[in-house]
Amino acid sequence: MKLKRYAFGATIEDRVFDTFNALFMVALIVVMLYPFANMIAISLNESLDTIRGGISIWPREFTTANFRAVLSRDEIYDAAVISVARTLLSTFIGVLSALMVAYPLSRKNFVLKKPVSIMFLFTMYVSGGLIPVYFLMRSLGLLNNFWVYVIPGMTSAFNIMITRSYISQLPDSFVESAKIDGAGEFRILFTIIFPLVLPVLAVVALFVAVGNWNSWFDTFLFAPGRQELSTLQFELQKVLQAASQQIASPDFTRAGMEAGTADMVTPTSIRATMTIVATVPVLFVYPFLQKYFVKGLTLGGVKG
Amino acid sequence: MNGSLSATSKKIEAVSLKKSFVLKDAKDFFKKLSVQKALVLMCAPFVLHIIIFNYIPIWGWIMAFQEFRPHLGISGSEFVGLRQFVTLFQDPLFTTVLRNTFAMSSMNLVFGFLSAITLAILLNELVNKTFKKVVQTISYLPYFVSWVVVANLVISSLSPVDGIINRVLLATGILEEPVLFMGEEGYFWWIVVFSNMWKNVGWNSIIYLSAMSGIDPELYQAANIDGAGRLRRIWHITIPGIMPIVSILLIMNLGWILNAGFEQQLLLTNPLNMRVSEVIDIYVLRYGISMGRFSLATAAGVFRSVVSIIMLLSANAIAKKLGSDRII
Amino acid sequence: MKNNSKIIIAVVVVLALVAGIWLAVGRQPAEEPIVQDPAPAAPAAPAAPAAPVQRTYTLFYGMTGRDPIQLSETRIGRLITEKTGVTLEMEYVVGGDLSTRVGTMIASGDFPDIIWGHTDQNRFVEAGALLPIQDLITDKPNIQKAYADILDMHKFADGNIYFLTPYRAEGDHAHVSTGFWLTKELVKELDFPVITDIDEYFDVIRDYVARNPTFNGAPTIGFTFPAESWRFFEVENPPNFLMGYPNDGGVQVARGDSPEDFIARTFATSDSVRNYFQKLNQIWHEGLLDREVFVQTHDQWIEKMSSGRVVGLTAQRWQFGGAPMESLVAQGLYDRRFVPFQLLDEGVPRGQYQNAALPVMRDGMSISVTAEDPEGIIQFFEDFLSEEVQMLYYWGVEGEDYNVGADGKFYRTQEQRDRRADPEYIRTQGTDWWGFPRMIHPFADGNLIPSLTISEIRADYDESELRILDGYGVNTFPELFPPPIPSPYGFAWDIILPEGSPAQLANARIGDLRRFHYPRLVMAANQAEFDAEWETFLAAFAESGYAEYEAFMTNAIQERVRNWGLLD
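Protein chains in written order, with my numbering: chain A, 1 to 304; chain B, 1 to 328; chain C, 1 to 568.
Note that these hints are calculated values from the structure, not bench results. Note that this is a predicted model, so its numbers are computed, not measured. Please note that the accuracy of each hint is not assured.
What the simulated footprint calls covered on chain C by chain A, stretch by stretch (three residues with Cβ under 8 Å from a Cβ of chain A suffice, anywhere in the stretch; the number is not a length) [unchecked claim]: (1) 56-67; (2) 88-96; (3) 104-110; (4) 326-336.
Glycine included, each C-beta is placed from N, C-alpha and C at the ideal position.
Sequences are here, hints too, so could you generate the full structure?
Structure, rendered in structure tokens:
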């Protein structure tokens, strides 16, 4: 939002406000970042040393063992591919579906506006429960099938509602003038509305993408047996589980000593490493979406 | 004779008039439908989608009126009417749990909204673009940290022995003795609210930032020319500019009032705060699913859905009265 | 307009509901178990030297917290496949919760061939999902031999056997199961004392802490125990042991000469319990009890245990025997590890802390009713229990996993032993087949399984542990205490409470009450508060329906005593 801010001279109010704002943000960074820095430190610290406590933002006994434990399994890479595939697919469909439902619902004279709105809204508060959903997936052949990651999650009432709100705020003149020119609804949607609502679509894309990237419960319920359908988060859960292994075998003889049993990795360290592994990709992708939240729309075209 | 005939014929006329009005309404409806068929086509596939994936499974609600046994299925399980609901409401633990859920949810709502909006506004006002991007990115990092990790952090920073909170409070003289925060019922809800805020404020502010970027820059320039200061510009332009989305989100969140979370409370719960920390989802897990009492669990779910719908419709009606954006 | 909306919505919802119900009702799982085919397709082959039939079975591995590896792909797994012809496709419970997965499995009727339901095994039984196997195993010598003495104990009320338990009766001979522990340093200082009185125990701690208020710069912790969520039994159990009873979960069982003499009673409100918490309250006020004991996460508790600051604790050994002890070793703090003690109330002759050498009859590997080849699966179990495969299971491959001494006895080198504790090694080699049927009797050549081989047990101890054992003049830790008394009903804690039953409900309520009141007793500000809290607890307990729970347990225990025929 590049305004001619200081064209009329920066007022004292401005300066004071900006200073306090900047200080506040610095404090915010510290508070938000500290736990994350702590995670990084733990992930780079020897497991058995971490559980003594006292690690803050710097590793005491540096090691790459935790990352090796998490990333050394081949299954993780195939799973990552599945995760990327489902994320891309679901995001594309999610944005499309939000747009295609929100637009009609934003038209005040749409004859089905009320019933359709209500039907979508209720889905956010009403659910049949786990067992009926499981049955449905089974009947539709979606169990142990890649499409269980994409098809059931195609619509999100929440995303539709925020998109609709955004579309509703666009001046009517846009659509009206297009209609006068004889454009059909689909054309209007994709050539006029779409470019104008990019900010909210970026948000929808972000929500859908992150939701897909982080999910593992659907793998757990609907595709637990098929290794080739495993997702990144599910594989990470497996690693965590392996580390939490309660050794129950009666044959378990206690570990050797000074030699240091090959770096024993504890759940604490695995969790920290998992957090880093799962978040870093998001940090890479986010800046691309961020530009939509920062720049302002030029609506000058209509005024003129 | 003539009189009654004319009365009857008037009645017949009246009825046929009404009929024709109804027919006319129906005809109008279908006519409009055909005119707007593009719009209908746009949303139709997705309406079909939710019918399949969201509405068909609702048959599961029948379980709430049965004594459901998984291997007997719906057709084999005994029908018991409202007995599950009665059991639910007669359990004093359920009412306690309801209270806890409601309390934490409301507090989360208020603080969550205020903090997210404030953060969005402040971020929006940052001058340096790079600084803004960096801060904004960092602000949502906690959203990705799992609750297990966050709970550990929260509990250790509240430790009476070496937790940072106690140390600061002792050093500044506010406290004379360390306080076992996690052991006091009075603090629990605040602990939940603040840890929630920390974890979610950055992520929740994203939608408001996106809404703010849609505000016409010329409005700001005009206000500037009129001599409005920073705070006045925020109050008169930024805030009204995001009001529609705030309203919508508020209404939707009010519908979720009985969903106060689960993992968070599960991890922060301990014997000393259990009376105020257990929420509906924990109750359903412990007394419903883990004990194989699926019907009870379903009944709780049905109850929650009903309350949600009522809250949603009420919030919507209030919004209508206040003239803000509505959702229906 | 409004009317239209309502009509449309109503029509849609009704149609959806109808469709849903139609779908649901039309998809009930098969209710009849597959009837046993009296004339099996393949002739019952005698021990044929021909190669075993190659086949694959799906297996549901219900125990959580295990490394989810495909055992058939490991080194040992491949060898086992060679010998049995069976490849396993294993499904684990990863990330989510067992009950949820079992619930969907049962509701849908989709079962894998082999099921190990672990703590939810009973739900499969109740759902009719498991095949009775008693008739299939009558002519299988390996199974009969391996499970000789306990086959009858597997029988359910309907006379069927549904699974083969992996929890055998070899007992724990290497280490003590649970107790009150003291740091080695203190024990050495006191020259290997024998302490059985709880007051003396706390005196000793008090004295030590007074002399050593800090350790490595941080305050010493006099006494602690795990208390977080499901570990709360560590708060509930000590009084039971103090009273001289074994671990029977929530009850104490009176015994006698005939089944009717066995009566189960809850002990949650007994005087011993009151006294125990009174003492804890006392050390709480003295600052000897870990101040965060009831609020910390398990991770934080582990941190304390790994720091060497803890002087005394009460817990089952597995709670801290793994990573924390490893960490201390890695830090060179050998003597900050722990020595067990069995404390007893006045007048109690002996303790029953140590788990008796008994099998647990709660769960095991079973065959589902939808399995296509139950005969083949039983044959797999039979082959798995052959000496050859059991050798692989327990000892491994000669030369690589173990060696044979001149006297014919098996042993492992230190290196071989160390390797077996490395999680990565376990993953790739497949040395851990916990859950599968197993035998505990000696091998034909006289060698025993590792956990019963004294030389292996002793070799596993490190120097400082050996010094402790020498100090007390014993070979292994369990020898410090009298041997456990056998029980004609096994362990009462593995008795399953039927779902939704009054007993189960009462048990849940009792659990909640103890969880609520015990910590408040420990932290009571003064005697008056303590007494009031105790009274409140008693009153609430009276309303909990405990009598239902006691009645159910008594009945179940008496059934076991009758059916298992171990009473003599």
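Violating hint indices (sorted, rising): Of the numbered hints given earlier, the structure breaks none, since each of them holds.
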